[in-house]
Amino acid sequence: MSEHKFDRGHPLSIFVKDRNEDLSALLFAFLIAMSVLLFAT
Amino acid sequence: MVYTRKSPALLIIGFLLLVWGWLNASGSVDGLQSTLQKSAYSDHVKINEKFQAELRVATEQAQTEGKPAPEMKKPVSKFDKEKAFQTRLSYTFGGGFSLFGLLILAWKSKTGNLDYYLSTVPGMAFILLIACVVRWGLDPMFANWGKAVQDAGTLSWDFAKIFNLNYVVMGIVAGIVIVNVFKIPGWAANGVRTARFFLKTGVILLGALYSAAELAQLGALSVVMIGFFVLGSVWLVLLMGRRMRCPNSMTGVLSSGLGVCGVSATVAAAPVVQAKAGEIAYTIGTILLWGVGCMFLFPTVGHILGMGPVQFGAWAGTGILNSAQVAGAALAFDPKGIETLKVAEIFNITRVLFLPIIVLWLAAWFVEHEKGAEKMNVRQVLIAKFPLFVLGFIAMFALSSTGVFAPAGHYQGKYFSSAEVKEDKLLKPKEVRALEAELPKMRTAQEAKALQDLIANRKMMTREQGETLKTVAKIEGLDAVAAGAIANANKAATHDSKIIKTFRDWLAWLFAFGLIGLGMQITTASIKQAGGKPLIIGSVVGTLKAVGSLIVVLMFVREFI
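Chains as they are written, first to last, in our numbering: chain A, 1 to 41; chain B, 1 to 561.
No wet-lab data here; the hints were simulated from the structure.
Check the hints yourself; a few may be wrong.
[Claimed, not checked] Not close to chain A: a few residues of chain B, all C-beta gaps over 10 Å, as computed:
1) Ala40
2) Asn180
3) Phe197
4) Ala213
5) Leu236
6) Phe296
7) Ala395
8) Thr502
9) Leu554
[As the list claims (entries may be wrong)] Pair ranges (Cβ atoms, derived):
10) Gly96/B to Leu37/A: 37 to 45 Å
11) Arg243/B to Phe39/A: 55 to 63 Å
12) Leu37/A to Ala53/B: 39 to 47 Å
13) Leu37/A to Ile551/B: 25 to 33 Å
14) Phe85/B to Leu37/A: 19 to 27 Å
15) Gln61/B to Phe39/A: 22 to 30 Å
16) Pro75/B to Leu37/A: 37 to 45 Å
[Unchecked claim] Facing chain B, a subset of chain A residues (Cβ under 8 Å, in silico):
17) Val36
18) Leu37
19) Ala40
No residue lacks a Cβ here, since even glycine has one placed at the ideal position from N, Cα and C.
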């Protein structure tokens, strides 16, 4: 069961679903934006 | 299944970066750096000489006056900044990768999320190492070589510029060569798959760089151009598919892929036209083949035709089929600036925003033409498949419009602020006198008021007055000192947003990383998927779109950035 759960074969992405990839990218981008805002001023 | 491979590769990459950081910090590679960064180094030498001369004069003056030698701060040159940046990046990532490398060797891997995400780190380090070699080594090396060959008269043109041998193109080519000739090492495979994630992050972050002023100009242009070419391409593919008797599902999915934005549009349209896996593969193969070809061809054509950032961005964002290759071509055309990428991406995003319309159109078209086709819940498909990162881009732009990153009216990261003019940038008495002498030459009350305010405050008070006085500076017979004073006052009140500059640096690295990873996913096997009727339709529509959009851009799009 666990073997199946973590078998994430996908040719283009590390994420099983595009939606997860989009959400993670969204989160990462906002994290970068906030860090830049905090440290570059 | 355990994904993390027990390999010393990550530790070695971390060590190599640390060594480079140390060599840079200690000055051991200054000789090499001065050869690679020729123009920055020559400026560095000039700045140092000027500083030494000023220091000598100040010391001599202090000695004659019997005062202690003055303490003067040595100015930081571009060369110094670049070296400091390389050192900082090498130490940060070298240290991090070394720690993770040790962890991977020592840790007893267990199936699970931690193991999976840990397995991506060596691949990411592998891409970063390639990005550093290409950006810090090969890019300046080819730029110097191209210039030297032109200066020597061997060629009348700069081959590195014309063929876009910059870090973007070389990074993608390095990726393609590695995957097709050497194969991706097993320990790096999962990390390479993070490329698309970083590209999407880059696109979202790009939203922070637009101002409402820029978007108002680009938005209208992009909606008209994209509307015409997207709807035109979809219509043409549907027509050709029917004439060539392709299955409706194949034609439907191909029209979305060729018309909208490549792979993600193909995936979004597939359920509504009930496309089979093979048909999706054919479409993606065709799009990749065209996208990769255009990515290398477009920048060269753009340079030969002398296109500017707006023209090229508009052309790439309309004519290139797939989103990732749009970013690649825009950065290949203009690797040092983000202007072309910004224009190209606004066109690309506009294209993606057409996706719901196209999916609705295809759903209706499929039910009409396919016997026994079941009606799909289009709304459900759209909610499930619409690329969320596009909404992230819009959200980031909305955030940027509030002025949180730079004053809302900024243009290319530059903004006007009278309050921030430094004391030493105020107009000198000689400049004020020259301006006072020119007051009688003012043609309107508005010009006179603007000049009076400038004289009274010794700085430009509003952007509007700055614009008014720019026209005054062009009055025939105006004193050169007065004209220079107006230019200086405008320059002093125009500021660069430090935040926008930091965003630009982040973006350059995110896209470089993502595009090298993208290159590593362009395999001959994926391109070979293209073939048969879809390739014929793809070739006709792809060529018409590329040539048609080029003609429209050259005829109607003018540079205004």
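Here's how the hints hold up against the structure:
Every CB of chain A lies more than 10 Å from the CB of Ala40/B, the least distance being 22 Å, so the non-interface label holds. Every beta carbon of chain A lies more than 10 Å from that of Asn180/B, the smallest distance being close to 15 Å; the non-interface claim holds. With a minimum CB-CB distance of about 5 Å to chain A, Phe197/B fails to clear the 10 Å threshold, and the non-interface call is violated. With a cut of 10 Å on Cβ distances, Ala213/B stays outside the contact zone with chain A, its closest approach being about 20 Å.
For Leu236/B, the requirement that its beta carbon stay farther than 10 Å from each beta carbon of chain A is met, with the minimum near 28 Å. For Phe296/B, the shortest C-beta to C-beta distance to chain A comes to about 20 Å, beyond the 10 Å cut-off, and the non-interface label holds. The claim that Ala395/B is not at the interface with chain A is violated, since a C-beta of that chain comes within 10 Å of its own (minimum 8 Å). Its closest Cβ contact with chain A, about 4 Å, brings Thr502/B to no more than 10 Å, contrary to its assignment away from the interface.
The Cβ of Leu554/B sits about 34 Å from the closest Cβ of chain A, beyond the 10 Å cut-off, so the non-interface label holds. Under the hint 37 to 45 Å, the C-beta atoms of Gly96/B and Leu37/A, about 23 Å apart, miss the expected range. Separated by about 59 Å at the C-beta atoms, Arg243/B and Phe39/A satisfy the suggested range of 55 to 63 Å. Checked against the given bound of 39 to 47 Å, the beta carbons of Leu37/A and Ala53/B, roughly 41 Å apart, stay inside it.
At roughly 43 Å, the beta-carbon separation of Leu37/A and Ile551/B lies outside the given 25 to 33 Å, and the hint is violated. Our hint of 19 to 27 Å for Phe85/B and Leu37/A holds, since their Cβ atoms are close to 20 Å apart. With their beta carbons about 40 Å apart, Gln61/B and Phe39/A fall outside the hinted range of 22 to 30 Å. A hinted range of 37 to 45 Å is violated for the C-beta pair Pro75/B and Leu37/A, which are about 28 Å apart.
Interface restraint check for Val36/A: the shortest CB-CB distance to chain B comes to about 5 Å, inside 8 Å, so the restraint holds. With a least beta-carbon distance of about 7 Å to chain B, the hint placing Leu37/A at the interface is held under the 8 Å criterion. Hint status for Ala40/A: holds, given a least beta-carbon distance of 4 Å to chain B, under 8 Å.
The structure fails hints 3, 7, 8, 10, 13, 15 and 16 (numbered hints given earlier, in ascending order).
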